[in-house]
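Chain by chain, the residues run as shown.
4 protein chains.
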Amino acid sequence: MPCILAQTASSFAGSWIATGDLFGSPFYFRMELTQEGEKLTGKYAGANVEGTVAGSSAHLLATAQNGTTFEATATIANGVVKGTVLEKDSDDKEHPIPYSFTAAPVPARPSGPPRRHEFTPTVYYRQYSAANKPVLTVNPGDTIHTTTVDAGGNDAQGVKRSRGGNPETGPFYIESAMPGDTLVVHLVHLRLNRDYAGSDDSVVESGLNSSLAVTMKDTGKSVRWHLDLAKGVATPENPSEHLRNYTVPLRPMLGCVATAPDPSQAPPPTGDSGGFGGNMDFNEVGEGATLYLSVFNPGALLYIGDGHAAQGDGELNGNALETSMDVEFSVDVIPGKRPPGRRMETPTHVISMGLEGSLDEAFRSATSNMAQWLAADYDLTPSEVAQVLGTAAEYKVSEVADRNSGIVLKISKERLGALTSQRE
Amino acid sequence: MPCILAQTASSFAGSWIATGDLFGSPFYFRMELTQEGEKLTGKYAGANVEGTVAGSSAHLLATAQNGTTFEATATIANGVVKGTVLEKDSDDKEHPIPYSFTAAPVPARPSGPPRRHEFTPTVYYRQYSAANKPVLTVNPGDTIHTTTVDAGGNDAQGVKRSRGGNPETGPFYIESAMPGDTLVVHLVHLRLNRDYAGSDDSVVESGLNSSLAVTMKDTGKSVRWHLDLAKGVATPENPSEHLRNYTVPLRPMLGCVATAPDPSQAPPPTGDSGGFGGNMDFNEVGEGATLYLSVFNPGALLYIGDGHAAQGDGELNGNALETSMDVEFSVDVIPGKRPPGRRMETPTHVISMGLEGSLDEAFRSATSNMAQWLAADYDLTPSEVAQVLGTAAEYKVSEVADRNSGIVLKISKERLGALTSQRE
Amino acid sequence: MPCILAQTASSFAGSWIATGDLFGSPFYFRMELTQEGEKLTGKYAGANVEGTVAGSSAHLLATAQNGTTFEATATIANGVVKGTVLEKDSDDKEHPIPYSFTAAPVPARPSGPPRRHEFTPTVYYRQYSAANKPVLTVNPGDTIHTTTVDAGGNDAQGVKRSRGGNPETGPFYIESAMPGDTLVVHLVHLRLNRDYAGSDDSVVESGLNSSLAVTMKDTGKSVRWHLDLAKGVATPENPSEHLRNYTVPLRPMLGCVATAPDPSQAPPPTGDSGGFGGNMDFNEVGEGATLYLSVFNPGALLYIGDGHAAQGDGELNGNALETSMDVEFSVDVIPGKRPPGRRMETPTHVISMGLEGSLDEAFRSATSNMAQWLAADYDLTPSEVAQVLGTAAEYKVSEVADRNSGIVLKISKERLGALTSQRE
Amino acid sequence: MPCILAQTASSFAGSWIATGDLFGSPFYFRMELTQEGEKLTGKYAGANVEGTVAGSSAHLLATAQNGTTFEATATIANGVVKGTVLEKDSDDKEHPIPYSFTAAPVPARPSGPPRRHEFTPTVYYRQYSAANKPVLTVNPGDTIHTTTVDAGGNDAQGVKRSRGGNPETGPFYIESAMPGDTLVVHLVHLRLNRDYAGSDDSVVESGLNSSLAVTMKDTGKSVRWHLDLAKGVATPENPSEHLRNYTVPLRPMLGCVATAPDPSQAPPPTGDSGGFGGNMDFNEVGEGATLYLSVFNPGALLYIGDGHAAQGDGELNGNALETSMDVEFSVDVIPGKRPPGRRMETPTHVISMGLEGSLDEAFRSATSNMAQWLAADYDLTPSEVAQVLGTAAEYKVSEVADRNSGIVLKISKERLGALTSQRE
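Chains as they are written, first to last, in the working numbering: chain R, 46 to 469; chain Z, 46 to 469; chain B, 46 to 469; chain G, 46 to 469.
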């Protein structure tokens, strides 16, 4: 965890969040600077700094491991650093890239008791974008009570409020969350708020071998499900003969939870997923679950949406039982560290989530993510990581309905509780 | 289900199991014949028969859907049919393939009360071969109590009894089981019979992305686990620092259950898997499980082996907790139908097992297998199959440690119980 | 091919391109209407129309195959139809979706001789978006001469003109190109315009098994290549010992050629690919190649960029020899039909391009795309398609460096020339 | 390359090939021993040896990197060493594995001029087995002229000589080829010897997405091709309408070239592939090609078969144009080193062949194999390997018709010729 120095308004020493400007779009990086006399050392965007201070001005030369150099001239005024930089690729010194930046101290976590916010959405976004204006600003520790429309954009009254494709509620700005942090989202309540859900009767491409493709060739119609909230079950509204008595237990979940991704990249559609979370369609993202997502932008910019009343593993029909939802969640921030991918926790398990172009790659991604988790949080050696994974791994398919296929790796907390040097 | 006719010793009418002989190796097929006057109709290896009978001789011409023809001359004596055949490919009539066959009536299920057999193995096989002599012959309904050595060939006393690579106990010959049938294997008891298991501390290729490959590059040593049968847990014998208190619940399972595959193909090694079952390494193949395997040879020729004291999903270390086992199982036969792949049942679920060259293909295979199961046994239409799978599918990774990767699809019996026209 | 009726300014009969408006974003569909007396029949967005006309007003009810209905009230004035619609899902009649549309006649191909346009870009886009304003409008048959910056945004003088990530030249608006058409792009000239290219010395994740991952763990630096345009070869600028004499033939190609995709979806980043083309990174997209891309927006909105001086199959380093380019290309439109995926043609081959989340799926996609091409353009039956593919297929890996992996299927024109009923 | 010492009939010093006996089946390993006074050092199956000699007896303790130990007592007589061994796993010293071995000096390459052998096969094998008796023994440098039957077992006269499934000619025993060596097979002549070939009109599972599966659902019949040896083309014997003029150039190739694999493993069927080669179905394994295959058994035990008159990449129909063949090939041995996978060479390219459960894994395998080749034979550093692969890689799909899918990586010899420190 980075050491947050007491920063004074006129010293370069301390931890800074810098906002760079390259061809009009922002990008973020951190500076951790230490001053001894006129000498500056530390890190500039991960590169090693050698610099000198002269009054309120400084000159920095930072060199990254791959040989890229950053030469910066900076001034400090009122606790804000402004600089201009020449970035030079190790193999192309003749074509430096110029940019400017502004840096402010890494913010402290706001103090004060947690609050509960009521939020009624009026706009729904279809891209996880850092450019969408936050709809509400909250503190770490706060709780938000709000609603989501279904994947097709219909609200609790069945009124279409947006085009389809997982329109999202948010983004919520979480104070003090900065690029490089982890956003913690805990789902306190996840409640159904209408009596029907929409789905389909086909099987997605990733579930079809040639034999099943021929069997399924004439399917593809919409199926509406009745949600009996009192009994806690779903049934097809117009069941065909053999499904007359068929019921599915209601198990509300959110298909989408995301932070806004790196603003230097084009914002992804809300049906996509990545390091920022997104449309993960995992049926354990329900009441009581806690998600750990990387922060790429100031405020994190949290989006939620795509409620499912119930979903089989794989989300084989392309749609689950899609419905609107009443959601209450709390947020928190773990400063200065970032998970290597999507992670979550339920009352019984820690879970890493692999989402890649094939199940085989998703399996590797979930395994590698969990291995890093065990090494970082439980001090395990590679050999110990292998022994725990070999004996305790539980792998499920989360979904195959979207562009990424998902495999989750669950480890029971009973196993982890016996690891002897868990960090305090 | 084929109609088992009362066959007389001198009539061609009835259901026959034929053994063909092509270049010295046997192959099996069925004939279902009906006689009206001198006319014979029915099926010859699935092809439509037109034939004539003259006393104890018959002449048959059978035509398959793909145009292949079979021209046979046959005689019957003492209830046995002998024939010579010319098989002609639709596109190559000039090069017919000659062979001979002998056919006996499809056997009736033996009568009498079920028996319990004690069997002590003295030989262990490393191929699922139809050429290995059966070690014991039993009736459908019988129970066998026996033992298995561990994957390395070591028995309950730790004595090496075979080369490694999943040496198997068996093959057991089950009376009346014939090619085209289903063998049912119910695991009555699965008990550990020694106090240690062997494993490893590495991660298999299918679990490694480039980052984890670098992390794991120096692992690869053997790890011995102590099995505390009284407490029901396993612990590393020489635990490293952070695993000093680490325990894993014992959950005995069989890595291998197989029938002998098609004798016209080369017999697979016991580390392989296929339509015949084999090394499936699924940690729910434990006490109380029932497997449904295709029969390809008279007597089915059942093999079991590769006991695991416990195994995480995926069998990430390449080995699970490999140990010897005390096994009691019963067998039964479902005549005249064969599953499209590996299936099983536990007290709570029906399960189809996909085992293919990648997880993506295994996912499709498990899905297609279950879809066929639901259509055949529950009369579901394609649309209904999709709705049940979409809402009730539970997908787990069984293993990624062997040549085939495995995904299983589980459907809770609670869901299936509500399907309204399940076949009686 | 749709019949383009002679449309009068006051009749609903004819072929229309309609622009719908749903929550502020446009979407496009076609109407093909025939009028007999007061009766209207034909197609509305593919659905079967029954309608009635009363003067300049009409009432339409259209029913799609999946049961969705569209009920529209429309008026015509000055050759433009305006309408309001209620769309009802077959299984959810209670929640209709209201929208409005404006329709104009499907435009005729502009007449007049082809022109050649000089275009100097001043802005470069990093999303294939229908919302970017066209930089130039041209007619089918016209030729455009322009330049592209390299993948990092640097121009022929090595000046950074944009952030990196495949900044594109365009979009170009092609008159009469309408959603549902095919855009034809022929690369007349593709010439290098500077003497260096940038690349890397690592291998991308998709090329690494665990052994190669360990070998490559310390690579990852930039490599600059000198482009000797006179000799037609590239050499590393600062070659290490064994590459002192190493040369690669220059073979200029474009990594990106794209139309703007469906405007109802979030615009993809320029490093992505899809049905619209995009970042395909196939080293035969060079001088003399012709691409066939689907049109999703009026004017097609063509983007080009990401020039490579040379690229090995797979683009294993993540970057090829990235450089700026001098490009001349002509455009054309095939009205009323759209390929099922990306296709192209070279002087010797027709080529279908599969780009999916894994090579296995890309292989299937390329195969299916070519099968549809052979069936549609050469009248082949499924059996004939299989025979041609089985004997003439040439499969190459195009790339594994981006989110989609690519396989191309090439069929020699020598083989196709012998097909006897090629459409005239 | 191991140093082949001049071994005397009574000294343990030298290079030995040992044949171990474990439960009745042989296994092979090497010993490289050096004697100084009474001290023995060197390698025993790769493990470091400490030993002492007393007259014609010796006692060895060898320790492998993973901690496994081998304790051997050996005697020498008439130039042959006999020993008994206890092998102990590092983590299980209580259960040592006893076995015996016999070792002979690593044989020298036979001298004398190369010979040409005429061989007429009378038996065809359907497993790549070390247990099949060699049909002919030849020296390195010799040439063999023989024939192969087609994949279905039919010879040049169309007479069925074996069951189908790639029956093989061989095995040929090559003098002095020992486990750990490389067998070199050069295809001098590959000539068609009959006027027809058999194939099919369907597309294999790996080529079918759901859309193509539905299109192809009614295909699956045999197709016979006429081979016009004079004109060098194949044509369908009974072409359907659009294939009346369709021709394919004849391009004879061998689908199978293999050594016998490790005898401690179950022998694979001849339709399979692995480190030993096997059914690779790559259409450049034709006249002029040279294959490099690992030797696992004394004499290498070479098998060839499965001739194709022509084959599209992928072998999409499951069968290529299957036919009998007239084959002339020479053999050679590279002692003491073994490729990490299948490799070959044509007049223009060096080629590594990946054959795995999916195209994605085959791609990685081919890439890693070639990287090792470039590092070992051209002294390239990892960075240099990456630069060469990135600029010179040519990837083709070899086949998707068998259990393994294949991708080959070709590097032009023109590129390699410029590498400056190629080993002499």
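Hints are not guaranteed to be accurate.
Identical chains blur together in the list; that is why a pair holds if it fits in one copy or across any two.
[What the hints assert, rightly or not] When the alpha-carbon atoms are kept at most 27 angstroms apart in a straight line, the in silico DSSO-like pairs for lysine-lysine are as follows:
| id | residue 1 | residue 2 |
| --- | --- | --- |
| 1 | Lys84 | Lys458 |
| 2 | Lys138 | Lys382 |
| 3 | Lys127 | Lys458 |
| 4 | Lys88 | Lys262 |
| 5 | Lys276 | Lys178 |
| 6 | Lys84 | Lys127 |
| 7 | Lys262 | Lys276 |
| 8 | Lys178 | Lys88 |
For the record, the hints were derived by calculation from the structure and aren't laboratory data.
So, going through the hints one by one against the coordinates:
1. In this assembly of identical chains, Lys84 and Lys458 lie within 27 angstroms of each other by CA distance neither inside one copy nor across copies; the values are 48 angstroms within and 55 angstroms between.
2. In this assembly of identical chains, Lys138 and Lys382 lie within 27 angstroms of each other by CA distance neither inside one copy nor across copies; the values are 32 angstroms within and 45 angstroms between.
3. With identical chains, the CA atoms of Lys127 and Lys458 are never at most 27 angstroms apart, being 47 angstroms at best within one copy and 55 angstroms at best between copies.
4. In the homo-oligomer, the alpha carbons of Lys88 and Lys262 lie at most 27 angstroms apart only across protomers (23 angstroms), although the nearest pairing inside one protomer, at 59 angstroms, exceeds that limit.
5. Within a single copy, Lys276 and Lys178 get their C-alpha atoms no closer than 40 angstroms, and across copies no closer than 54 angstroms, so neither meets the 27 angstroms cut-off.
6. With identical chains, the CA atoms of Lys84 and Lys127 are at most 27 angstroms apart within one copy only, with a shortest distance of 18 angstroms there and 71 angstroms across copies.
7. In this assembly of identical chains, Lys262 and Lys276 lie within 27 angstroms of each other by CA distance neither inside one copy nor across copies; the values are 35 angstroms within and 44 angstroms between.
8. Neither within a single protomer nor between protomers do Lys178 and Lys88 lie at most 27 angstroms apart by alpha-carbon distance, with minima of 31 angstroms and 41 angstroms respectively.
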